[in-house]
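Peer 1: Here is what each chain is made of, one letter per residue.
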Amino acid sequence: MALSKRFTALDLTYLGVVAAICGVIFALTWNVYFIGSALGGPIIARIMSYGLWFIGAPLAATLIKKPGTAFLGEFLGAVVETLIPTYGAFTNIIYGFAQGAASELVYAMFKYRKYGIVQASLSGAVAGFPCVALDALLFGDIYPAEVMVLITIAAVISGAIYGAVAAIAVRSVRR
Amino acid sequence: MIKVRPVTLFIYGLTITVLAFIARSTEQLILLTLINAPLGIYLGFKRLKILIILFLLGLIGLFVNSLIFANSGIAVLDLQFITVREGAITSFSKVTLRLLTILGAALIFVTQINVRDFIKSLEEELRFPKDIAYALSVGLRMLNILERDAKEIQLVRVERGYRKVPLTPADVGSFLRPLLSLGLERAIWIGIATELRGFALRNPKRAEIKVGVLDILLYSLLILQCLAILILA
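Keeping their order, the protein sequence lines are chains A and B.
Residue numbering for the first sequence follows the working numbering, beginning at 1 and increasing consecutively.
Residue numbering for the second sequence follows the working numbering, beginning at 1001 and increasing consecutively.
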């Protein structure tokens, strides 16, 4: 089915707003990441910040509730962040693509029927895996095995928390 | 004034970023950095000085990270309280060179494009679906307004005795709600207006990718860098 048959102009405008909000949040998250990194090292930094970078997917999906919105919310947010630009530059697009695709999988698993807090939390959590993998692959962030496990858990927990925060925020606004 | 086409800059920036990650040896990374970083920093220094300064400050954290996790091999520098080893230097220099290349490519792209032309060329030349191009254009148009909203929310937070930068999930929630509410309020009317103007019926224009002298130069530079990376591999 063509995208234009599924999304109305209003849906796409919402998607644009989510992308802009994500661009602002993603840009601010760099400060959170650096503060976390300076105060508590790599694991604390990831718990504090990574979920914020995964927030685009649950935010868009909970708001628009249509197939493809999780991926587009995260990916377009990353494109906006690239154009701002921020510290991550073009890598944001690569991360946004991978994280968006991972988050989209969660909603696909639920056959696009449920867009609740659980799904939002899961979609945030799942985005942690490609993100840590890309960190290792792209930036050579490869630590001893036990540290890698802790880092992955930190990213997943952070994603789950901020996924839930995004869904709660959307629900409270749309009530 | 002759300008490089936005699509050319986009392809150049994205390919250089991918090349920076493919490059594994220090020689490959030095080559990419020497071509892209000085050009990008020269073009972006006036407009994006803060980003460049932040980048340089971030390198301190990167070095500390290398010292914690990659400090192995022959001792290079003995600072009494810590011995800096070969592994830390190699790891730090590789990541720094990679990041400098990416920053350079991004600065070349961002300083040379007009966002409106870029979105137009994404749809017309790279054949992006009109829905995505529209959502992106709304996002970029709303960005300035939402940045202003975000600053106002930060100001209100400070006035009420809360943290300016949201650090905890509760902070993020209280920051996100007004931002979302303001954004959606505006989005409703933009969306309705777009629908009424017949967005669903609009057929996107498709154009052939035209290349000028500067585009050819940039593509040639890109091909040369790709070849050099292959040779040095």
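Please keep in mind that the hints were generated in silico from the structure rather than gathered at the bench.
Glycine is no exception: its CB is placed at the ideal position from the N, C-alpha and C atoms.
Don't take every hint at face value.
What the hints assert, rightly or not - Taking lysine-lysine and the DSS-like style, the derived pairs with C-alpha atoms no more than 25 Å apart in a straight line are:
#1 B:Lys1003 - B:Lys1151
#2 A:Lys65 - B:Lys1130
#3 B:Lys1003 - B:Lys1205
#4 A:Lys66 - B:Lys1046
#5 B:Lys1130 - B:Lys1046
#6 A:Lys114 - A:Lys65
As the list claims (entries may be wrong) - Partial list, derived from the structure: chain B residues whose beta carbon lies under 10 Å from chain A:
#7 Ile1016
#8 Val1076
#9 Leu1079
#10 Ala1106
#11 Phe1118
#12 Ala1135
#13 Asp1149
#14 Trp1189
Peer 1: Hint by hint, say whether it matches the structure.
Peer 2: Hint-by-hint comparison with the structure:
1. B:Lys1003 - B:Lys1151: violated, 34 Å
2. A:Lys65 - B:Lys1130: Roughly 20 Å separates the two Cα atoms, so the pair holds.
3. B:Lys1003 - B:Lys1205: holds, 22 Å
4. A:Lys66 - B:Lys1046: violated, 42 Å
5. B:Lys1130 - B:Lys1046: violated, 34 Å
6. A:Lys114 - A:Lys65: holds, 8 Å
7. Ile1016: holds, 8 Å
8. Val1076: At 19 Å from the nearest chain A Cβ, Val1076 (chain B) fails the 10 Å test, so the hint is violated.
9. Leu1079: violated, 20 Å
10. Ala1106: holds, 3 Å
11. Phe1118: holds, 8 Å
12. Ala1135: At 4 Å from the nearest chain A Cβ, Ala1135 (chain B) passes the 10 Å test, so the hint holds.
13. Asp1149: holds, 8 Å
14. Trp1189: holds, 9 Å
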